[in-house]
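Q: Sequence:
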Amino acid sequence: MALALPPTSTYSKSMRTTRYVLIVAALTGFAGTAFAWSNHAMVTYRALERMPELATSVQVPAEPLEGFLKNEEKAIADLMVTDEAWARQTLDTYPPRPEALAFKADPARSDAERRKAFLAALRISPESRLALYVQPDPWGPAPDPARLLAPTAVNALEKPEETSHVFVRIDPGELVPALAVVASASDEPDYGMDLNLWSDSPSEAGRTYGFGALPFGNPTLSFSTQAPFHMGFFHEDALIYLAAPFLKRTYPLLRVHQYTSLARLAFDSGHPYWGWRFTGLAMHYVQDLTQPYHASVAPGTSALKLIGINALAMAGLPKWKNEMIVLLSNRHLALENYESALIRSAAKARQPGALGAELHDTSADAHYPVWSGRYVRDVVSKEAYDAGAATDRALVDTLPERYVSDPSFDFGVHSAQIDLIKELSAIDPARRAHLDTTLAELLGHFGTHSRALVRSMLSNGVRK
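For the sequence shown, UniProt numbering begins at 1 and goes up steadily by one.
Hints may contain errors.
[Unchecked claim] Simulated restraints, written as ranges between beta carbons of each label pair:
#	residue 1	residue 2	range
1	E401	T362	34 to 40 angstroms
2	L242	P172	35 to 41 angstroms
3	A366	E423	36 to 42 angstroms
4	S372	P107	35 to 41 angstroms
5	L304	R374	27 to 33 angstroms
6	K116	L242	38 to 44 angstroms
[Said to hold, decoys possible] Distance condition first, Cα-Cα at most 30 angstroms in a straight line; then the derived DSSO-like pairs of lysine-lysine:
#	residue 1	residue 2
7	K70	K116
8	K348	K248
9	K116	K74
10	K305	K348
11	K104	K70
12	K305	K422
13	K104	K116
14	K248	K305
15	K305	K319
16	K422	K348
17	K305	K382
I should point out that these hints are in silico values taken from the structure, not numbers from a laboratory. All values derive from a computational prediction rather than experimental measurement. Just so it is clear, CB atoms sit at the ideal spot from N, CA and C, and this is done for glycine as well.
Construct the complete structure from the given sequences, taking the supplied hints into account.
A: Shown next, in the form of structure tokens:
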């Protein structure tokens, strides 16, 4: 898979080539692995279920998106003006939203036209479903089969990444637990909302949204186009940024700000369902940045090593570069495969296990700073970046060698057939404990920062 080059007008051919290839090995390894933490909803339920603010008694009436947009059209238009000004002032490399996409109040237009304008102003995929649904807690009772939704009713992807997802229809006005709303929405940005938004994407949105060309990855692979919205490389060595300035063109902070702003507006204007729904959408990007492979270009690999590998590639010896691509991808996928297997096993047994216990544990929450505009960048992603080398080491030391150290093996191709719980049950328990402890710590961060976001949304009192 090849990277999208920076625009030709920006660099001479020789400079462009030199800077482009410097860390291509690390970046291309992410092109097909833009998801983090598998099914966010399953983990979010455990992270938030013991918060009093999200007790089962806290229920909200479901509301179609069109109702919220119509009732609060003028307030949403004003908010988006403020948010655009914030993005232009705050975010490095932010591409200003084209004026033609600004959301403007127009009571005379249809619900469909208003919805289309809203999605365009957010610059998310026009295919985004934003349907009324929940993904039920796997610890809860089995859903009514008559209320099950086809995946395509919720997920715009032709091939949803998880065939085991269950979607249940909810009706307008139906009371729904706030926990179910926020947990379900925490998985939703992986349903195609950030796909094909670049000028070299095969979509009208990409041609009109103004984000420019895909900064890295392959624009013809839809999953690759999601990555710059779900990863944030904020803490790399300065040499990396000098070599590859396009690394700064990642926008998870934009999405967090957009959705938290909308959540506050929804809460304050009497639309609690959308308050929690937008909170869940924002939460997804926060949770993504707790994953070391989303906060670092190549966890555990120094800038000098990357430069050396690519110097060899430039000299006509690409073997080491190509191998790094495979190994980064395999380790990323193996981590998520194991995490997902443990969470699903715990749900089936109705036992929290070590990961569930860590997700429930709030003892570390008070040791973090109060949520602020810098929290996601300076706390969440920095913590994940710092954990990168240890996480990478734990995977290499624990998992079967062919999964994480054999570049001839493609974990993604074989992932569905791999049972890591079964395979690791046969090894020295101390070795497995090392990986389990590392994963538990990461999910502890996942839980802490998810709760921090909820508390920031509730700062003016419990929202019901």
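Q: Under the criterion that the straight-line Cα-Cα distance not exceed 30 angstroms, is the pair K305, K348 satisfied?
A: Answer violated: K305 to K348 is near 43 angstroms, above 30 angstroms.
Q: Within 30 angstroms, alpha carbon to alpha carbon, are K348 and K248?
A: violated, 41 angstroms
Q: Is 35 to 41 angstroms respected by the C-beta to C-beta distance linking S372 and P107?
A: Because 36 angstroms falls inside the window, the suggested range holds.
Q: Sort out whether K422 lies within 30 angstroms of K305, counting only the CA atoms.
A: violated, 35 angstroms
Q: Has the given pair, K70 with K116, been kept, meaning a C-alpha gap of at most 30 angstroms?
A: holds, 12 angstroms
Q: Does the hinted range 27 to 33 angstroms hold for L304 and R374 at CB?
A: Cβ of L304 to Cβ of R374: about 29 angstroms, so the range 27 to 33 angstroms holds.
Q: Measure nothing beyond the straight line between the CA atoms of K104 and K70; if it is 30 angstroms or shorter, mark the hint as holding.
A: Roughly 12 angstroms between the alpha carbons, so the hint for K104 and K70 holds.
Q: For K248 and K305, compute the direct alpha-carbon distance and say whether it is at most 30 angstroms.
A: holds, 21 angstroms
Q: Tell me if the straight-line CA distance from K422 to K348 falls inside 30 angstroms.
A: Since the Cα atoms of K422 and K348 sit roughly 15 angstroms apart, the hinted pair holds (cutoff 30 angstroms).
Q: Check the hint pairing K305 with K382 against an upper bound of 30 angstroms on the C-alpha distance.
A: holds, 21 angstroms
Q: Check the following: the C-beta atoms of E401 and T362 are separated by a distance inside 34 to 40 angstroms.
A: Given a distance of about 38 angstroms, which is inside 34 to 40 angstroms, the answer is holds.
Q: Taking 36 to 42 angstroms as the stated bounds, is the beta-carbon spacing between A366 and E423 within them?
A: holds, 38 angstroms
Of the numbered hints given earlier, the model fails hints 2, 8, 10 and 12; all others are met.
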